[in-house]
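Novice: Residue numbers (my numbering), protein chains in the order written: chain A, 26 to 161; chain B, 9 to 436.
The hints are simulated quantities; they were obtained by calculation from the structure and are not laboratory data.
The structure presented is a predicted model; accordingly, all values stated were derived computationally and were not measured.
Built from N, CA and C at the ideal position, the CB exists for glycine as well.
Hints are supplied without guarantee of correctness; some may be wrong.
Stated by the list, open to error - Okay, the calculated bits of chain B under chain A, using three or more residues with CB under 8 angstroms as the criterion:
no.: 1; stretch: 45-56
no.: 2; stretch: 73-86
no.: 3; stretch: 100-112
As the list claims (entries may be wrong) - Ranges of calculated distance between the beta carbons of each label pair, as one might list FRET restraints:
no.: 4; chain 1: A; residue 1: His61; chain 2: B; residue 2: Asn370; range: 54 to 60 angstroms
no.: 5; chain 1: B; residue 1: His35; chain 2: A; residue 2: Gln92; range: 49 to 55 angstroms
no.: 6; chain 1: A; residue 1: Ala135; chain 2: B; residue 2: Ile141; range: 52 to 58 angstroms
no.: 7; chain 1: A; residue 1: Gln92; chain 2: B; residue 2: Ile97; range: 34 to 40 angstroms
no.: 8; chain 1: B; residue 1: Leu333; chain 2: A; residue 2: Leu87; range: 44 to 50 angstroms
no.: 9; chain 1: B; residue 1: Ile97; chain 2: A; residue 2: Leu66; range: 51 to 57 angstroms
no.: 10; chain 1: B; residue 1: Leu333; chain 2: A; residue 2: Val88; range: 47 to 53 angstroms
no.: 11; chain 1: B; residue 1: Trp150; chain 2: A; residue 2: Trp118; range: 43 to 49 angstroms
no.: 12; chain 1: B; residue 1: Val384; chain 2: A; residue 2: Ile81; range: 48 to 54 angstroms
no.: 13; chain 1: B; residue 1: Met64; chain 2: A; residue 2: Gln92; range: 28 to 34 angstroms
no.: 14; chain 1: A; residue 1: His61; chain 2: B; residue 2: Ile374; range: 53 to 59 angstroms
no.: 15; chain 1: A; residue 1: Leu67; chain 2: B; residue 2: His77; range: 56 to 62 angstroms
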Amino acid sequence: MSQAVHDSPNIHKYAAPSDTPMDLSVSHGSGSAHVHVTSPLLLLSVFAVLVTLTVITVAVTLVDMGQFNIWVALAVAVLKAGLVAFYFMHLRWDSPFNGIILIISLFFVALFIGISILDSKEYQHNYNRPGTTIVP
Amino acid sequence: MSNAAIITAPEAPGNHDPHAAHAHDPHLAHHFDTPEQQYASAKLGMWIFLGTEILMFGGLFCAYSVYRHNHPDVFAFAHVYLDKWLGAINTLVLITSSLTMAWAVRSSQLGHQPSLRWLMALTILGGYIFLGIKSVEYTTKWHHVLFIGHHNQFRNGYEGVKPIELEEKEKAAKLANMEGAISAPARAAQEAEHAKAIPGPTVTAKTSEAAPPAEPAAPGEHATKLNDPVSLVPDDPNAANGDKAQIRPPFVDRAGMAGEKLPPPPEIELSGLDKAEQARIYTFFGVYFFMTGLHGLHVVIGMSLIAWVLLRSLGPKNTAWAVPLIPASIGLFLAVVGIIIAFRPGAEPGSPATPGEAAVANKLIIAGLVIAVLSVLWALLWVPRRRNLSGASEFGPTYFTPVDLVGLYWHLVDMIWIFLFPLLYLIH
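Bound conformation, chain A alone (with noise of 0.2 angstroms):
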């Protein structure tokens, strides 16, 4: 941002419209806003790279990695779904704030799980299903 655009808050804040990406940001002091526009060619490498690793992620299934397998699958999940929020969801480029509620959200969300599958251990080992006797 420069320092034109702090001097003259009351000029037009926004640039004209145009094909390049910029940097439209503006500055109060109280907080500002940043309005990034993402180019083509950035989208389009997101979205290649979306592709590839969807791709990756099928064809990791043909593999037998025993209990790996889980754990690939889920770190190119994490990985795609980080493409999404950093670049479609313009997290890059945003307050860090919202970034830091998406990852608050997801530290709850693995607290929830983590200690409830710690706790279903307790007991799942003498777990029978309600209602159901074994028929030999």
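Fit chain B to the given chain A structure using the hints.
Specialist: Quick look at chain B alone, frame taken from chain A:
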């Protein structure tokens, strides 16, 4: 807030020439100082909402994780009933629609109206394709008795595991047998015999696409169906497979479900999933349908929101017809539901609707048509009055918040599917 911001107080609305700056902006609410502040607040609010969405889906992911952690074999067994290729295509469809949506935000920021409209329309089209593929999958599950609750053939246990209620049914049937009724086990045995008489599908490969629910039958196979006197599903393309599960739709007679089992996928059978574990398979389908169902609901909501923003981008003059269209489509929907209830295609051919059903159907058809006609009258009176309004888009470089926010929602829907796809379809 720094002193500088106070000094620049002329920003406040009314303190300067309304055309000089965007304080004149009709979209600027009075409790915000600047459009930038309003935009940042809107985006923060949207992110907090998306956080609650993640927490809501987190509950379902938690159910999934606990269940899979404790019964990994059940998931390995059950997931072969899902078609991973349909799931992969749907993933690509959603990623593509995310691209068009992100590009639509760019277009709105630059004020490129035609591309904004086309890209949002393409995004909605992506949602339609996704839901279309999803409906194909759900329909197949329904016909294979792999739905939720009582509509899942694993609900009553798989080969030998008997829930208490089934045992009680058998006792009751034994008592009734003295009066000439057929007992439940005898009926099950009969149906099993009958199922053997019909050639089952040859399960050849180990891959999931060879699983019975995976593919609809080729058109040519319909001829086989004509020779199958038991098939009660007139238009079921899968009925031609001769699959035991497809002989009778589950809503005809749930009690006979014991005879409607799918053959288990061979390689999983060899892996030695014990019978108690097999009986838990129906819970996998519960998890599957709740996760994909809630996600599908979000796809519908996202499509509706994008359609709303698309209408706003067309300007009030061009979208006057859209407002009466909403009650008109609701009315037509009610009428169609009434017609379906009245004629019930595919349920029990030839059986007439009961008097109660017919009454409900008549009410729905009449009410729906009245609503539709009133909406058309409203449109005829109201739309011409809107001719003088602006035909310009609301969105441009100075105001694109709605496009951005529905875009965020759509991307979240895409993100959740990115996790659902490997977790449900690609279990190894």
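Novice: Between Gln92/A and Ile97/B, is the Cβ distance one that fits in 34 to 40 angstroms?
Specialist: 28 angstroms, violated
Novice: Is 52 to 58 angstroms right for how far apart the beta carbons of Ala135/A and Ile141/B are?
Specialist: At roughly 30 angstroms between Cβ atoms, Ile141/B and Ala135/A fall outside 52 to 58 angstroms, so the hint is violated.
Novice: Do the beta carbons of His61/A and Asn370/B sit within 54 to 60 angstroms of each other?
Specialist: Once the Cβ atoms are compared, 57 angstroms apart, the range 54 to 60 angstroms for Asn370/B and His61/A holds.
Novice: Just tell me: holds or violated, for the beta carbon distance of Trp150/B and Trp118/A against 43 to 49 angstroms?
Specialist: Hint holds: Cβ distance 45 angstroms, inside 43 to 49 angstroms.
Novice: Indicate whether the distance between the beta carbons of Leu67/A and His77/B respects the range 56 to 62 angstroms.
Specialist: Violated, at about 38 angstroms.
Novice: Return holds or violated for the Cβ distance of His35/B and Gln92/A against the range 49 to 55 angstroms.
Specialist: Since the Cβ atoms of His35/B and Gln92/A sit about 53 angstroms apart, the hinted range of 49 to 55 angstroms holds.
Novice: For the range 44 to 50 angstroms, tell me whether the beta carbons of Leu333/B and Leu87/A fit it or not.
Specialist: Given range 44 to 50 angstroms: holds, Cβ gap about 48 angstroms.
Novice: Would you check chain A against the stretch 45-56 of chain B, counting CB to CB pairs closer than 8 angstroms, and say if three or more residues qualify?
Specialist: Holds, because 7 residues of the stretch 45-56 of chain B bring their Cβ atoms closer than 8 angstroms to Cβ atoms of chain A.
Novice: Can the suggested window of 51 to 57 angstroms be confirmed for the beta-carbon pair Ile97/B and Leu66/A?
Specialist: 26 angstroms, violated
Novice: Okay, the stretch 100-112 of chain B and chain A, do three or more residues pass the C-beta test at under 8 angstroms?
Specialist: holds (count 8)
Novice: Using the C-beta atoms of Leu333/B and Val88/A, is the stated range 47 to 53 angstroms upheld?
Specialist: 51 angstroms, holds
Novice: The stretch 73-86 of chain B covered by chain A? Criterion: 3 or more residues, Cβ-Cβ distance below 8 angstroms.
Specialist: holds (count 4)
This entry does not satisfy hints 6, 7, 9, 15, going by the numbered hints stated previously.
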